[in-house]
Amino acid sequence: AQLDAAAALIGRHPAVPVVLNHLGKPRLGSGPAADAAELAVWRRGVAKLAALPNAYAKLSMLGYAVPRWTEGGDREVLIASLVRETIDAFGPHRCMFASNWWCNGHMANSDGRDDCDISMLGIWQRYFSWVEGKYSEAEIRRLTAGTAEEFYGI
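Add 11 to the 1-based position in the sequence shown for the numbering used here, that's all there is to it.
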């Protein structure tokens with residue numbers, strides 16, 4: 012519901028670029044029925060936002076969407092599919108990888124890991140493993156730096 016409202020607001024201001032943080036914050040892990048309902052709402056909202064040329068997506072805070080995804084298996088497959096689904100909706104030219112690490116990192120007593128028990132290097136290695144072979148080198152460059160450079164003017 013919040014993504015629908017955000018799309019309506021952003022659609023009224025096409026000259027203002029906006030970033031959807033943290034994949035739009037879907038929250039999965041409550042069971043098959045609840046997860047299916049959550050994904051349906053999330054997908055509808057993402058589609059509405061992706062249709063707006065001034066809307067961008069930040070691929071971050073993955074542990075919120077899929078708790079304990081770093082344990083691998085089905086959880087990692089799920090979060091990787093959500094990341095790729097978001098990229099496919101917005102296009103690599105409007106998506107950016109981010110870690111949210113400095114915010115989350117303090118929760119692990121400065122041991123180089125964030126609250127999802129993954130290091131900065133580890134999260135970037137995972138990102139690359141999820142997109143290699145699916146997107147071109149130029150598209151991966153957009154995801155890892157180009158989109159953020161353009162959006163934030165850096």
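Errors might be hidden in some of the hints.
Across the chosen pairs, the derived CB separations fall in these ranges [to be verified]: (1) Val52 with Leu132: 32 to 42 Å; (2) Ala149 with Ala45: 34 to 44 Å; (3) Gly22 with Gly133: 34 to 44 Å; (4) Glu160 with Asp85: 33 to 43 Å; (5) Ala26 with Pro78: 33 to 43 Å.
In silico DSS-like cross-links for lysine-lysine, where the CA-CA straight-line distance does not exceed 27 Å [said to hold, decoys possible]: (6) Lys36 with Lys59; (7) Lys145 with Lys59; (8) Lys69 with Lys59; (9) Lys145 with Lys36; (10) Lys69 with Lys36; (11) Lys69 with Lys145.
In short, the hints are calculated from the structure, not lab data.
Virtual Cβ for every residue (Gly too), placed ideally from N, Cα, C.
Each hint, compared with the structure:
Separation of Val52 from Leu132 is about 34 Å and conforms to the stated range, judged on CB atoms against 32 to 42 Å. For the pair Ala149 and Ala45, the beta carbons lie near 39 Å from each other, so the given range of 34 to 44 Å is met. Distance hint check: the CB atoms of Gly22 and Gly133 are about 37 Å apart, consistent with the given range 34 to 44 Å. The beta-carbon spacing between Glu160 and Asp85, approximately 35 Å, falls within the hinted interval of 33 to 43 Å.
One distance hint, 33 to 43 Å for the beta-carbon pair Ala26 and Pro78, holds here, with the actual separation near 38 Å. Distance check on the hinted pair: Lys36 and Lys59 sit about 15 Å apart at the alpha-carbon level, within 27 Å; holds. The straight-line distance between the Cα atoms of Lys145 and Lys59 is roughly 24 Å, inside the 27 Å bound, and the hint therefore holds. For the suggested pair Lys69 and Lys59, the alpha carbons sit about 16 Å apart, so the restraint of at most 27 Å is met.
Proposed proximity of Lys145 and Lys36 is supported: the alpha carbons are some 24 Å apart, at most 27 Å. Distance restraint check for Lys69 and Lys36: the Cα-Cα separation of roughly 10 Å lies within the 27 Å cut-off, and the hinted pair is therefore satisfied. For the hint linking Lys69 to Lys145, the alpha-carbon distance of about 19 Å falls within 27 Å, and the restraint holds.
Violation of the numbered hints given earlier is absent; every hint is satisfied by the structure.
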